[in-house]
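There are 2 protein chains.
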Amino acid sequence: MAKFKRGKHSFILQDKPVITHWASIAGKKEGAGPLGQCFDVVSQDSYFGQQTWEQGEKKLQQMALETLITKARLHKYDIDVVYSGDLLNQCIGSSFSVCNQNIPHLGLYGACSTMAESLLLASMTVAGGFADKAVAMTSSHFASSERQYRFPLGYGGQRTPTAQWTVTGSGAALVCAQGKGPKIESCTIGTVRELGIKDANNMGAAMAPAALDTIKAHMEDLNAPPEDFDLIVTGDLGQVGKELLLELARREGLNLGGKLTDCGTMVFDNTRQDVHAGGSGCGCSAITLCGHLLNKLNTGKLQRILFCGTGALLSPTSTQQGLPIPGVCHAVSIICGGN
Amino acid sequence: MAKFKRGKHSFILQDKPVITHWASIAGKKEGAGPLGQCFDVVSQDSYFGQQTWEQGEKKLQQMALETLITKARLHKYDIDVVYSGDLLNQCIGSSFSVCNQNIPHLGLYGACSTMAESLLLASMTVAGGFADKAVAMTSSHFASSERQYRFPLGYGGQRTPTAQWTVTGSGAALVCAQGKGPKIESCTIGTVRELGIKDANNMGAAMAPAALDTIKAHMEDLNAPPEDFDLIVTGDLGQVGKELLLELARREGLNLGGKLTDCGTMVFDNTRQDVHAGGSGCGCSAITLCGHLLNKLNTGKLQRILFCGTGALLSPTSTQQGLPIPGVCHAVSIICGGN
Chain A
240 MAKFKRGKHS FILQDKPVIT HWASIAGKKE GAGPLGQCFD VVSQDSYFGQ
290 QTWEQGEKKL QQMALETLIT KARLHKYDID VVYSGDLLNQ CIGSSFSVCN
340 QNIPHLGLYG ACSTMAESLL LASMTVAGGF ADKAVAMTSS HFASSERQYR
390 FPLGYGGQRT PTAQWTVTGS GAALVCAQGK GPKIESCTIG TVRELGIKDA
440 NNMGAAMAPA ALDTIKAHME DLNAPPEDFD LIVTGDLGQV GKELLLELAR
490 REGLNLGGKL TDCGTMVFDN TRQDVHAGGS GCGCSAITLC GHLLNKLNTG
540 KLQRILFCGT GALLSPTSTQ QGLPIPGVCH AVSIICGGN
Chain B
240 MAKFKRGKHS FILQDKPVIT HWASIAGKKE GAGPLGQCFD VVSQDSYFGQ
290 QTWEQGEKKL QQMALETLIT KARLHKYDID VVYSGDLLNQ CIGSSFSVCN
340 QNIPHLGLYG ACSTMAESLL LASMTVAGGF ADKAVAMTSS HFASSERQYR
390 FPLGYGGQRT PTAQWTVTGS GAALVCAQGK GPKIESCTIG TVRELGIKDA
440 NNMGAAMAPA ALDTIKAHME DLNAPPEDFD LIVTGDLGQV GKELLLELAR
490 REGLNLGGKL TDCGTMVFDN TRQDVHAGGS GCGCSAITLC GHLLNKLNTG
540 KLQRILFCGT GALLSPTSTQ QGLPIPGVCH AVSIICGGN
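Protein chains in written order, with my numbering: chain A, 240 to 578; chain B, 240 to 578.
Same shape as in the complex, but just chain A (with noise of 0.2 angstroms):
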């Protein structure tokens, strides 16, 4: 048996890796709501300054680095590897932003579960001796998801109810072997899993199904009830994500009742901002997290959460062909570094 893995899902780290820093870029939406002055930046332009949205959202992951390097005084050629994905088609975000910076990089795809699938990962790799410092990272932007997975968005195309707003922003976390921050004491490997749901706009029923399996199977391999937890936090479920996976809990007898909270109904106001029923997107847990939940985590207002990335493995193509959407999520558990 593996020496640090639990059941059949879960691993603990016994050298507790740290997010020694964090940080987060957001777009002007996402400034204005109530997560807004948790954020390092908050940019006015759409573009960032780019000649496409596609360059944008590389440029929001390329300050995203940028930010966090400066935060933790170090240089990039500190860094030892950056794990990184995005919603974008070849993941061109990711790959364009650490493009001939002589930065080694995985890349991954998770959909929007990547900053939980990057922290899982580079604890895994700063804990097992593997690296010193390990940056996971992810982004997603409105205006380049709306038009590869749904329509352009001169198209002007009505919103259904059960339809998210992709966040437009970047998160960083810097995990290292030592240092002061929270850190990283177990993690959760989810499965794939579709319960039929073939609507592209209604992304948190397609996560709901993964989104248990995973809190579960890490309660199970870690004998962590939600007692132990501050917060649960899934990344985008969204309103209606959110209330069908209390649904589902609850007909399994998991109580997950007060502990629960979403990131998608979290980073907007949906009272002055009409988002439908919510926020999702990478950029949705992950400026939560690097903005948000961290500092939380940094002060001690929050001891320890589970941080659950939910992703709907969204296929425009297999969509077409009449099937159903897949969704998988990853669940870190983050504690209060302490002093």
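To be clear, the hints were calculated from the coordinates, so they are not data collected in a lab.
Using 30 angstroms as the maximum straight-line C-alpha spacing, the simulated DSSO-like pairs for lysine-lysine come out as follows: (1) A/247 with B/242; (2) A/247 with B/244; (3) A/247 with B/255; (4) A/242 with B/310.
Start from chain A and add chain B according to the hints.
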């Protein structure tokens, strides 16, 4: 300094993970090539019994995983984690292949470097004590790739001399903490690199600079000159990219001459198979490794190889926006397992 990190880009595996089993599934054209006898399954049906090429690619990965599990006399529940990715948008070959299977899955995007990337991560996971049995897997399909990246096949577009033929195939390798078989001794994480190539029909040129960077990094970090290897095997540079790599290496005083080979030049016989510059795609290095090279390493006909997965991070979107094609390369040093 992290215990196993060496130099800027590499790490060693002190407890060398073992590739105990491997499996390869190939299409008809690949089965008729020089390595045809090495593959576990050669299918005459380019749809692999599915309705679409994309779902055929999913089936390819399912067949590779099932064959692997059968060869290893395991049940799917014995697998701790599958690392996989492919060339399709949102990696639907990979995500659908493990959907509703209850197998922990971490999705990757490294284009055609995925076989090396997944092996690197699987060996890190096993050597770090986070899993006992990790699978590294990838696939590509000529028909699904051509219509996504270039032209629909029905269009009958003429291929340029530098064009490569995407391999229809899938390879999977089981990486374990213990057992018999070839062993992974060290890995090098690549950096994303581009030197201005914009031609989607010249992937070899786009990848050659990244391949050189990674091979050089491996040799410097681990003090391992070309003479230390029986073969230095790149993934899918093809004839054009291989010659460019030799030329780039020569300019930097590195003589790879007698050691360098490329899966893209091994998998097809261009004198009778009309593939222009050679094979390409994630499946190219995957079936060459999991069908041919690992057999040779297992029987001692090869003692040590440097397996260098090369990926062209080609995106039709960024190419249409006038941007170059970044490349990446990850390297895994594999030795004969002994007895």
